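Here's the letter readout for the chains.
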Amino acid sequence: MEKRVTFKGLWLPLLLVAPQLAITAVFFFYPAGQAIWQSLFIPDPFGLSMQWVGLGNFEYLLSDKYYRASFVTTAVFSILVTVVSMGVALYLAVLADRLIKGSGTYRTLLIWPYAVAPAVAGVLWLFMFNTRVGVVTWYLGLLGYDWNHVLNENEAMGLVVIASAWGRISYNFLFFLAGLQAIPKSVIEAAAIDGARFWTRFRTIVFPLLSPTTFFLLVVNIVYAFFETFGVIHTITSGGPQQATTILVYKVYSDGFVSQDLGSSAAQSVILLVIVGALTIFQFKFIERRVHY
Amino acid sequence: MAIDKHTGMVEKRGAGLWLTHLGLIIGVLFIFFPIWLAFVASTVQQADIVRPPMPLLPGGHFLENYGKALTSGINAPVATMLFNSAVMALGISLGKIVISLLSAFAIVYFRFPGRTLFFWLIFLTLMLPVEVRIVPTYEVAANFGMLNSYSGLIFPLIASATATFLFRQFFMTVPDELAEAARVDGARPMRFFFDILLPMSRTNIAALFVILFIYGWNQYLWPLLITTDPSMNTIVMGIKQMFPSGDDLADWPVIMATSILAMIPPVAVVIGMQKLFIRGLVDSEK
Chain A
3 MEKRVTFKGL WLPLLLVAPQ LAITAVFFFY PAGQAIWQSL FIPDPFGLSM QWVGLGNFEY
63 LLSDKYYRAS FVTTAVFSIL VTVVSMGVAL YLAVLADRLI KGSGTYRTLL IWPYAVAPAV
123 AGVLWLFMFN TRVGVVTWYL GLLGYDWNHV LNENEAMGLV VIASAWGRIS YNFLFFLAGL
183 QAIPKSVIEA AAIDGARFWT RFRTIVFPLL SPTTFFLLVV NIVYAFFETF GVIHTITSGG
243 PQQATTILVY KVYSDGFVSQ DLGSSAAQSV ILLVIVGALT IFQFKFIERR VHY
Chain B
68 MAIDKHTGMV EKRGAGLWLT HLGLIIGVLF IFFPIWLAFV ASTVQQADIV RPPMPLLPGG
128 HFLENYGKAL TSGINAPVAT MLFNSAVMAL GISLGKIVIS LLSAFAIVYF RFPGRTLFFW
188 LIFLTLMLPV EVRIVPTYEV AANFGMLNSY SGLIFPLIAS ATATFLFRQF FMTVPDELAE
248 AARVDGARPM RFFFDILLPM SRTNIAALFV ILFIYGWNQY LWPLLITTDP SMNTIVMGIK
308 QMFPSGDDLA DWPVIMATSI LAMIPPVAVV IGMQKLFIRG LVDSEK
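Listed in order, the protein sequences are those of chains A and B.
Residue 275 in the numbering used here sits at position 273 of the first sequence, with consecutive numbering throughout.
Residue 298 in the numbering used here sits at position 231 of the second sequence, with consecutive numbering throughout.
Calculated directly from the structure, the hints in this document are not laboratory data.
Keep in mind that this is a model prediction, so the values were computed, not measured.
Among the hints, a few may not be true.
Straight-line Cα separation of at most 25 Å, SDA-like style, residue types lysine to any residue; simulated pairs [said to hold, decoys possible]: (1) K10/A - W187/B; (2) K342/B - R269/B; (3) K10/A - D252/B; (4) K187/A - R346/B; (5) K103/A - F99/B; (6) K135/B - I102/B.
Taking beta-carbon pairs under 8 Å as the criterion, some of the chain B residues facing chain A (in silico) [said to hold, decoys possible]: (7) V95; (8) K342; (9) L343.
C-beta: ideal position from N, C-alpha, C; glycine also.
Based on the provided sequences and hints, a complete structural model is requested.
Okay, here's the thing in structure tokens:
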């Protein structure tokens with residue numbers, strides 16, 4: 003798409019794009035290039051020289067059982083976060099959509115956790131499930147269940163999943179509700195006249211018509227679980243116990259800043275870069291669908 | 068199912084309506100419970116918390132806990148961290164809006180060499196969140212002497228093009244006649260930008276501001292790396308620093324008061340500007 007009417011000038015437009023170009027070059031392209039470059043070297047422990055290893059860092063990573071475990075952890079974590087937050091959000095959106103009055107009030111009550119930072123959400127859930135003082139831990143104890151996410155890997159995973167999914171429900175609810183309200187009521191009423199009950203209507207009409215929204219949210223939520231949940235994991239488990247909650251982004255951080263293994267961290271960045279790239283392309287295809295739908 | 072002429076036949080009435088409300092209320096309670104608990108914890112004494120179960124209704128130590136958090140905190144006064152967060156969030160949102168408006172204006176209203184290349188360069192930045200390139204970006208910031216500084220908190224996070232795309236899309240919908248008329252009147256490009264384009268973009272700018280403010284306020288990993296001096300900590304990353312290392316007991320009332328304080332500004336923005344927020348959210352995902 004092009005504008006028919008444009009202004010003349012050469013220096014002015016260059017001046018206008020200069021600030022953005024400068025910031026992107028310094029803080030985006032240079033670091034991204036560095037990540038790719040560093041991934042081909044191993045620095046010596048004093049950082050004085052670099053040794054060329056070609057794809058050695060990648061070969062080492064892909065044969066490293068901890069890195070492969072981190073891939074599995076990330077997959078499990080992202081799928082659980084996506085399913086939990088989208089499931090709850092869809093359920094609430096379907097309920098709110100059935101109301102003639104008051105769905106706006108529920109929307110106001112449900113959307114604001116979007117504004118709670120993942121790291122703060124992590125602290126809130128950590129407080130509830132704290133092994134010493136947590137209220138939920140205490141009540142679970144009364145029921146005879148000994149909650150300890152500091153030692154138990156599955157409980158640690160469960161806790162970071164709930165804390166990550168919790169704040170995300172708002173976002174998904176908003177999009178699902180908008181999607182549901184866009185479905186013409188006449189279609190649903192026609193089915194009701196034909197005798198289709200709620201569940202049948204939902205399965206055969208509502209859900210298929212909602213599928214563009216669902217696909218879109220699937221991709222967006224997976225991207226969220228991959229990259230924006232660092233705060234939750236860092237505050238609740240710091241990747242533990244025994245790396246059970248070390249997702250890929252957390253590993254880039256812990257290998258790069260805690261263990262100072264720069265070559266490996268850079269190679270991990272490059273692998274993540276490929277994954278984000280693939281997800282973004284995937285997302286654009288679906289948005290295409292959404293627009294044409 | 069009886070058909071009522073005032074309402075659609077698929078909405079619920081009677082018992083079904085109450086069940087629908089009940090389901091939604093359970094959802095709302097699930098969303099609220101962690102925050103309610105944090106609020107309660109911020110109004111009681113440490114002694115009430117360390118002997119579980121803690122009370123579920125607020126106590127009488129609200130002023131004491133919030134006062135202690137704001138004025139002394141644990142590593143740094145929370146008032147200082149709130150100020151740092153405000154500077155960071157405003158810097159990121161305003162900075163991004165300004166540079167994006169300018170570059171989108173150039174891309175849409177001018178033909179200049181390298182325009183397509185520039186367009187694709189910024190397009191690429193959509194694909195790489197800061198989390199992925201943290202180590203080299205940290206090195207750049209360190210080389211510029213930006214550690215423990217506001218510019219270090221702000222500039223690296225401005226380097227993304229979402230806003231540029233949004234403004235570009237919006238400018239494309241502005242009728243050509245307006246630019247035509249401005250040109251015939253002999254108005255210079257920047258005059259057109261300030262007098263016509265900017266006022267027309269008001270709502271888009273406001274919607275984007277809401278989203279970017281929340282994005283900036285809630286940053287965690289980047290401030291964690293870039294601010295080692297407690298007096299430069301932002302509130303969202305500073306909370307984690309308030310936990311003692313090792314086996315010591317955390318000062319829960321103060322930590323929870325800080326968590327509540329950390330939520331108030333972004334939540335106020337979302338609730339106060341709900342319409343703009345929803346619009347911004349939908350726009351930025353297009």
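For each hint, the structure was consulted:
A threshold of 25 Å between alpha carbons decides the hint, and for K10/A with W187/B the separation of about 22 Å falls inside it, so the pair holds. A distance of roughly 14 Å separates the Cα atoms of K342/B and R269/B; the hinted pair therefore holds under the 25 Å criterion. Between K10/A and D252/B the alpha-carbon distance is near 15 Å, which keeps this suggested pair within the 25 Å criterion. At roughly 24 Å between alpha-carbon atoms, K187/A and R346/B fall within 25 Å of each other, so this suggested pair holds.
Straight-line distance between C-alpha atoms of K103/A and F99/B comes to about 22 Å, which keeps the hinted pair within the 25 Å bound. Taking the CA atoms of K135/B and I102/B, the gap is about 20 Å. The hint holds against a cut of 25 Å. Interface hint at V95/B: satisfied, since its Cβ lies 5 Å from the closest Cβ of chain A, which is below the 8 Å cut-off. Interface restraint check: K342/B against chain A, minimum CB-CB distance 11 Å, threshold 8 Å, status violated.
The criterion of a C-beta within 8 Å of any C-beta in chain A is not met by L343/B, whose closest approach is roughly 13 Å, and the hint is violated.
The structure is inconsistent with the numbered hints 8 and 9, although it conforms to all the rest.
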